[in-house]
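Residue numbers (our numbering), protein chains in the order written: chain A, 1 to 409; chain B, 1 to 409; chain C, 1 to 409; chain D, 1 to 409.
Just so you know, the hints here were simulated from the structure itself, not pulled from any lab data. Check each hint, because a few of them may be wrong.
Incomplete in silico selection of chain A near chain C, CB under 7 Å [said to hold, decoys possible]:
1) Lys50
2) Glu172
3) Leu186
4) Pro214
5) Ser219
6) Met224
7) Phe364
So the derived list for chain B, only partly shown, Cβ under 10 Å to chain D, looks like this [what the hints assert, rightly or not]:
8) Ala185
9) Leu188
10) Tyr190
11) Trp274
12) Arg278
13) Gly358
14) Phe369
Not close to chain A: a few residues of chain B, all C-beta gaps over 10 Å, as computed [as the list claims (entries may be wrong)]:
15) Ser47
16) His78
17) Glu81
18) Pro181
19) Tyr211
20) Gly250
21) Arg351
Since we're looking at a predicted model, the values are computed, not measured. Where a beta carbon is used, it is the ideal one built from N, C-alpha and C, also for glycine.
Protein chains: 4
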Amino acid sequence: MVQSMPDASPAKWHLAHTTWFFETFILTEQLARYHVFNPEYRVLFNSYYKTLGSHPARQQRGTFSRPSFSNVLHYRAHVDEAIHRLLDSEPSPETLALVELGIHHEQQHQELILTDVLHAFWTQPLRPAYAAPVSEHGSPAAASRVETAPVEMPLRWIAHPGGMVEIGAPDEGFAFDNERPRHAALLLPYRLASRLATNAEYLDFIHDKGYERPELWLSDGWDMVCREGWRAPLYWERTGDGWREFNLHGLSSLDPAAPVTHVSYYEADAFARWSGARLPLESEWEQAAKDRPITGNLLESWALAARASGTSSETPSDTSSEISARAEEEQLFGDCWEWTASAYLAYPGFRPAPGAVGEYNGKFMCNQFVLRGGSFATSASHLRASYRNFFPPHVRWQFMGIRLASDER
Amino acid sequence: MVQSMPDASPAKWHLAHTTWFFETFILTEQLARYHVFNPEYRVLFNSYYKTLGSHPARQQRGTFSRPSFSNVLHYRAHVDEAIHRLLDSEPSPETLALVELGIHHEQQHQELILTDVLHAFWTQPLRPAYAAPVSEHGSPAAASRVETAPVEMPLRWIAHPGGMVEIGAPDEGFAFDNERPRHAALLLPYRLASRLATNAEYLDFIHDKGYERPELWLSDGWDMVCREGWRAPLYWERTGDGWREFNLHGLSSLDPAAPVTHVSYYEADAFARWSGARLPLESEWEQAAKDRPITGNLLESWALAARASGTSSETPSDTSSEISARAEEEQLFGDCWEWTASAYLAYPGFRPAPGAVGEYNGKFMCNQFVLRGGSFATSASHLRASYRNFFPPHVRWQFMGIRLASDER
Amino acid sequence: MVQSMPDASPAKWHLAHTTWFFETFILTEQLARYHVFNPEYRVLFNSYYKTLGSHPARQQRGTFSRPSFSNVLHYRAHVDEAIHRLLDSEPSPETLALVELGIHHEQQHQELILTDVLHAFWTQPLRPAYAAPVSEHGSPAAASRVETAPVEMPLRWIAHPGGMVEIGAPDEGFAFDNERPRHAALLLPYRLASRLATNAEYLDFIHDKGYERPELWLSDGWDMVCREGWRAPLYWERTGDGWREFNLHGLSSLDPAAPVTHVSYYEADAFARWSGARLPLESEWEQAAKDRPITGNLLESWALAARASGTSSETPSDTSSEISARAEEEQLFGDCWEWTASAYLAYPGFRPAPGAVGEYNGKFMCNQFVLRGGSFATSASHLRASYRNFFPPHVRWQFMGIRLASDER
Amino acid sequence: MVQSMPDASPAKWHLAHTTWFFETFILTEQLARYHVFNPEYRVLFNSYYKTLGSHPARQQRGTFSRPSFSNVLHYRAHVDEAIHRLLDSEPSPETLALVELGIHHEQQHQELILTDVLHAFWTQPLRPAYAAPVSEHGSPAAASRVETAPVEMPLRWIAHPGGMVEIGAPDEGFAFDNERPRHAALLLPYRLASRLATNAEYLDFIHDKGYERPELWLSDGWDMVCREGWRAPLYWERTGDGWREFNLHGLSSLDPAAPVTHVSYYEADAFARWSGARLPLESEWEQAAKDRPITGNLLESWALAARASGTSSETPSDTSSEISARAEEEQLFGDCWEWTASAYLAYPGFRPAPGAVGEYNGKFMCNQFVLRGGSFATSASHLRASYRNFFPPHVRWQFMGIRLASDER
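Bound-form chain A, shown alone:
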């Protein structure tokens, strides 16, 4: 039930809200004689859909001692049963599309449960671990998995020719409205880093006084550094014998080869400038990822942390081992979301979905940046190369990291 900051939500709320989504956008519209579980929940678990009427303020979610968790489970069972009934009734393609949207919506909240629980556990003085702690060698103590990449993979620069490319989701298949329409984009030749930036590289930035040199920072970023006293990524702590990070396995020693995580756009941008590089455009990223399989350190691997490039994953995969090894090196999908240099804006010809569900994505197209590629907390079934995640540039509590890019000269 804990809400440790306004941006985070209690796990109970996430469960109730995803249930609400199915009831509100599907059942009450599409299922004849559907009995609303509790009319008060229609207001209570609305997140931000203004066209549905008033809703509780976001920061209030931690005060919902009622309904109890068991009430929410009953709510869920009630809605699940009705959805099954609906699916048995030969629903229209439009209805099925909404059910699919509801499932993807729920997958987003499943990832948010992990990000929010991590913040809540970090906030509270006792600092519990969500999962079994990881040994000093970087793997969960109880795991028998053999780690194949104890050391940092060298960083290579992958050249891309650019040119006229197609960006965005095609008309068929599931995608969020903000991934459409698919459209042409013009790219200059560019290069992408062969893997995510590592904790070791980020430590170099810190040791080179990265947090003390305003010339490396965007103006707003420098203001944050000064106001908030940022000196390292969120969840890092300096102890007597070096840096540790708090993650879902508790307070852990920092793996130098693992991707740096929990940095804001400001930090990613300053790190890139310090590196003599830049962040990629979202179109550059998508062009590089569009032919890659959706594999890597994703939720299904249950590692629950970003891992070093090249770490063998046990993700069930139909791809050949060569493809898999390449994915494990590249980290395009999984490990952590990658900040891009692209503001989150409408694609040319963008039209939000009609009705209240149109508030899902479009109304946030302002003061946010696009992130790509998913994290260790994202399900493989949820991702696509065209997938656009987005957060304001100061946000750090998501599983977000850095891939460098540069111009081809």
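Model the placement of chains B, C and D on the given structure of chain A, informed by the hints.
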């Protein structure tokens, strides 16, 4: 576990903190071979005793998902057992005094649980009732109690001669340090209202544009009225058919004869000015109350709401029925805490208790006003005529109301 | 000396800061034996160049009672004299480029003086007018100029074919670093409104409850509307007989045919959505403007207010009257800055100028939107089709308005 | 025109507001055919008299570029002339009392001009001096005055018997309403320090980690220390060779024997606790001062800084040199205002003056503490033993210091 505002605390926290008080101030000091339940709790459940080291920020208490409620119950059982062991070991008078202090401390938090639960329930959209709802006639629906005062008692003015009086707690017997030393005080002749100010009287103030006339208000109070948009006591709501108030019985119709509750000092002071009266000094109140029995609508009556003056109480009482009727009319004890015009300051010669427990009262002697008399949520065994409660003048979530006073002319 | 909000600066500060720019970036670097006027001013009048060391907080500028205005004039004369000496000494092309940059920098602050004075005059209770008041017919009372457009020009949609276009400033000639490098961009076919949106059109939006319908707004914009209570553009006031606006001529009746001014990006975006249109991309705007002469209601016309489309201007102009009439209708240059739907970001291959002067533009590429076209307070000699102004989306005190765009279907 | 924080006001505003006071409370009421100088000024220069209607927000005063200083001088001349006319017309005693009130009101603002100018000069980066700088030996460089107390006077404790005393201003003669009615008060035997606490003593407190020990502080005070990072009085700066303080003579070396100034109530209270003493009650102070002449380091000495106890003053004085020497040692009047332990509350039977002028004092009786004795910026003609100044406990920009007291044992 809910913390609906920084001033309020979760019920689980109250339980753990009162347990912590016994462990910290008594067991670890006085009981040989006492085994601390969990060293982390010493930090976690410290409220504000700076000399014991750092403690969590007050507004963070709602995030303590750990320890669980059952852990806290184990903590309590562990401490209870040890306290019994201590009591069986022929403890010193000093130790017994600390145990008594711990009990009074816990009684304060028992009252706070009710005030904080009320705020939490009011904050959340579903607005549950803490206790069985009250019927439209003002009594709990399920109660068989006969109400004897359906109408408002007339307000009489009780004259007091003033003069040189003794104020404060005597050296013997339990009292908080801030009630001592007992000292002489000089009072001019004064008059006190025969009962608390009622909802009906406060409605007259509202209807006479009390909240729109700056000349009635202290400057800080008027700023609050403008900034917060105050138009009525906390928990009042205007509905189509008049005012209702949210209390421990849920959203209830307003009893015109019941004492107005949940007003700030600013509102109490403005109401008094509008009435052509003033608030009493704490010494005036104490002088009037010092010979009265501690009886009235207190926690033991389990009414859970302030009631009209003269309402028959079923509080077990040894006093004769005449005395009891007088107490029920006067409402000096119980119903709601009474704002006085006295700033909360040290009595002449005040010395805080030695050691960390000395932070209990003395360090709050600034920017607060004294309240007297207890409320329907205060136990009779906890009160004294010399008892000084205190809150900042803008606070409204406590069970606090108004008794008028005036100069004898 | 007034600073009416942190974003605004006193006129005295603007004068001293533009002087400081010449001294700091040119004289102390390029002029042998230059004598710094006052070493303290190097800190005092630094706006935000962090690599030059610390500087006063922005919101503190209104407290600089020292140096006096006459000291600042002496400072200016000292620097002017030295710049003349430098120009007489056969300076290098790099030095001349910095002088040109200093002049353009000063022109920006000249416009800011007018925007900041307007805000200061609006803030203070007496509400003085900066210039002679305008008569009820829309022209300055003392002016003999004949107005040729008393009524609103009809809105036409101008089709543009799109395609592969060149955007940005060429390598030669003066431009700010953020206008470069010139690069190819791909545009879909689009349409632009033939003139700016008018006060009359914006009033229709207001009357159609534009400020009360969340579905028209970006999420951040709706939050601003609710938090700030926005109900009209900044400086508009509803009086008994309709809306008036405070502008440099004082409190004036609203000219229905004049361009709506002092709206935020949020309002511009909501108005466009309500209109069934959208805001233009900056590349779309630039493509439409690149062959147009820099003429219109600019600073040189000294109208000091946005004027109705088609209003005859007396701007000295070498262009034929036909071109001039077209410019007066189109309002691409002058009247007010036009919000675009483009976030203010780096062009592909962008490199900030080397050294401290590189902080001029690049570090603000975050959470801002691009505006194009200049205003009635911009000098013609300061503008270019590639010129990129930028402000955060909530800002309204600049002379900023709306041009609609739409997709070609 | 500078307003360096909301609590301070521009000097121009002080002049206009004191003029406004005479016009508003006297001329428009009492002088037949008085012509109001400018009706807009009635709103513009109202400070906080709500019953006269709306007034500008306090923090806005620095934006009043209009009226100009010369307009304000004309306003003043207009009002001065009318007041002279009124005085020539045989005014009633009530009118004369209001004129006297207006003069005392103006004296208060004369002192505030100095406190506000000091803050403004300290805030701005150039840090000008208001008056000629003081030499390293503590006297104005240009002054020929011989300092007679280069070293710290020893601290003696003066015993007072207490008992029943009379406090407050008698009915005759000028006094503010808050000094009345004169009334009996009961004092226990007490002792007062023979002089103000010195910078040297306060440095001992700092060196003894006074600002790092929460047990010395009120809870609110400790919060301020932590939040604001207080480590010394306002205007103190630690430099390589020790502490300096910014005062009306500029940045000056700290005189160890001079009274510590610019401390909050919180600091005064913590210092007293650290000293094993307490602050005096206002009644204790008044009883000690009531028979003393109003002499000391007051405005008339034009020292413009608090001076060491025993420093020979050149204040014109009719008192004998013995009395004068005693006053110079005691510092009861002048040097700096002395925080008392008394909350600023109404005296028994207090009645505010009728009408709008009744807002002068009464409505501030909340969350403030009383200060006594005047400062080097107070005129001797303005002071009385019964004079009650008052400020909130966190305020430090006034000329406020510390006198210790203790119980007589």
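Hints and how they fare:
1. Lys50: 3 Å, holds
2. Glu172: Check failed: Cβ of Glu172(A) comes no nearer than 22 Å to chain C, outside 7 Å.
3. Leu186: Since the shortest Cβ distance to chain C is 5 Å, the answer is holds.
4. Pro214: Result: holds, 3 Å to nearest chain C Cβ.
5. Ser219: For Ser219(A), the interface hint holds, since the closest Cβ of chain C sits about 4 Å away, which is under 7 Å.
6. Met224: 11 Å, violated
7. Phe364: Hint holds; Phe364(A) Cβ to chain C Cβ min 5 Å, cut 7 Å.
8. Ala185: 7 Å, holds
9. Leu188: At about 5 Å, which falls below the 10 Å cut-off, the nearest Cβ of chain D leaves the hint on Leu188(B) intact, so it holds.
10. Tyr190: 9 Å, holds
11. Trp274: 14 Å, violated
12. Arg278: 8 Å, holds
13. Gly358: 8 Å, holds
14. Phe369: Given a least distance of 8 Å, the restraint on Phe369(B) holds.
15. Ser47: Since the minimum Cβ distance to chain A is about 14 Å, Ser47(B) lies beyond 10 Å and the statement holds.
16. His78: 17 Å, holds
17. Glu81: 23 Å, holds
18. Pro181: 39 Å, holds
19. Tyr211: 25 Å, holds
20. Gly250: 12 Å, holds
21. Arg351: 34 Å, holds
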